[in-house]
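**Student:** Listed below, chain by chain, are the residues.
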Amino acid sequence: MTKSELIERIASVQPQLSAKDVELAVKLMLEQMAEVLAEGDRIEIRGFGSFSLHYRPPRLGRNPKTGESVELSGKYVPHFKPGKDLKDRVNLGLINEPAAEDE
Amino acid sequence: MAALTKAEMAEKLFEELGLNKREAKEVVELFFEEVRASLEVNEQVKLSGFGNFDLRDKSQRPGRNPKTGEEIPISARRVVTFRPGQKLKAKVEAYAGPRS
Chain A
1 MTKSELIERI ASVQPQLSAK DVELAVKLML EQMAEVLAEG DRIEIRGFGS FSLHYRPPRL
61 GRNPKTGESV ELSGKYVPHF KPGKDLKDRV NLGLINEPAA EDE
Chain B
1001 MAALTKAEMA EKLFEELGLN KREAKEVVEL FFEEVRASLE VNEQVKLSGF GNFDLRDKSQ
1061 RPGRNPKTGE EIPISARRVV TFRPGQKLKA KVEAYAGPRS
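Chains A and B are the protein sequences, given in the same order.
Per my numbering, residue 1 is the first one in the first sequence, and the count goes up by one each step.
Per my numbering, residue 1001 is the first one in the second sequence, and the count goes up by one each step.
Hint data in this document are derived by calculation from the structure and do not stem from the laboratory.
Beta carbons are placed, not taken as given, at the ideal position from N, Cα and C, and that holds for glycine.
Hints are supplied without guarantee of correctness; some may be wrong.
Unchecked claim - The calculated lysine-lysine pairs, modelled on PhoX-like cross-linking and capped at a C-alpha distance of 20 Å, are:
no., chain 1, residue 1, chain 2, residue 2
1, B, K1046, B, K1087
2, A, K27, B, K1058
3, B, K1021, A, K27
4, B, K1025, A, K27
5, A, K81, B, K1046
6, A, K81, B, K1058
7, B, K1091, B, K1046
Unchecked claim - Looking from chain B toward chain A, a few residues come up when the C-beta cut is under 10 Å (computed):
no., residue
8, L1017
9, E1026
10, V1041
11, F1053
12, P1073
13, I1074
Let's have the full structure, built from the sequences with the hints guiding it.
**Tutor:** Written out as structure tokens, the structure is:
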């Protein structure tokens, strides 16, 4: 599912809103989530999961072209931890699938 | 600041898009529900600029009850992983760390 498909799916179950409104809403939500993370804050969505930052310490890297080693500074990367409801539903999806592969 | 929650996301839609409070709440709820529903049927979710939610099937592996030391297999399962997009990574990399 892409962002535009997500917008269509929300719009189809929310007929009182125009597709344009749903599109703006989805973009605004993603922007807000990115901004919150960029400020070092967490996102906690019950039943879905939480987003936070993980620190990556400085390390020596290598320029793949020249083989020269370069010092890479420490940085933060986004991390997602699925919530219980999401975990369970995804796993049930697997259990309920017709047993195609029996390896 | 406390963590961002659905309530604040709905508040923002109300303030900036002029959705009424009920609509704003429903759209936020649907946003996450549609992502869950997609992942539930083993469909990857790609939100350009933000990131991808991928699915990985793990086969059964040996495990142990950490309390008793007893060996118990960890059953085969499907898990969700999130891969942040370039734009989000770049945005977050600039974060200087907790200000004290």
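**Student:** Each hint should be assessed against the structure and marked as holding or not.
**Tutor:** Results of checking the hints against the structure:
A C-alpha spacing of about 13 Å is found between K1046 of chain B and K1087 of chain B, which places the hinted pair at or below 20 Å, so the restraint holds. The suggested pairing of K27 of chain A with K1058 of chain B is violated, with an alpha-carbon distance near 33 Å, which exceeds 20 Å. Of the pairs offered as hints, the one joining K1021 of chain B and K27 of chain A holds, with about 18 Å between alpha carbons and a cut-off of 20 Å not exceeded. Our distance criterion of 20 Å between C-alpha atoms is met by K1025 of chain B and K27 of chain A, whose separation comes to about 15 Å.
Between K81 of chain A and K1046 of chain B the alpha-carbon distance is near 17 Å, which keeps this suggested pair within the 20 Å criterion. With a C-alpha separation of about 17 Å, the suggested pair K81 of chain A and K1058 of chain B falls inside the 20 Å cut-off, and the hint holds. For the given pair, K1091 of chain B sits about 18 Å from K1046 of chain B by alpha-carbon distance, which is consistent with the 20 Å threshold. Contact between L1017 of chain B and chain A, as hinted, is supported at the beta carbon level, the nearest pair being about 6 Å apart and thus within 10 Å.
Annotation: interface hint on E1026 of chain B holds; nearest CB of chain A at approximately 6 Å, less than 10 Å. At about 6 Å, the closest approach between the beta carbon of V1041 of chain B and any beta carbon in chain A falls short of 10 Å, and the interface hint on this residue holds. Hint on F1053 of chain B holds. Least Cβ distance to chain A is approximately 8 Å, under the 10 Å limit. The closest approach between the C-beta of P1073 of chain B and any C-beta of chain A is roughly 15 Å, which is over the 10 Å cut-off, so the hint fails.
Hint status for I1074 of chain B: violated, given a least beta-carbon distance of 12 Å to chain A, over 10 Å.
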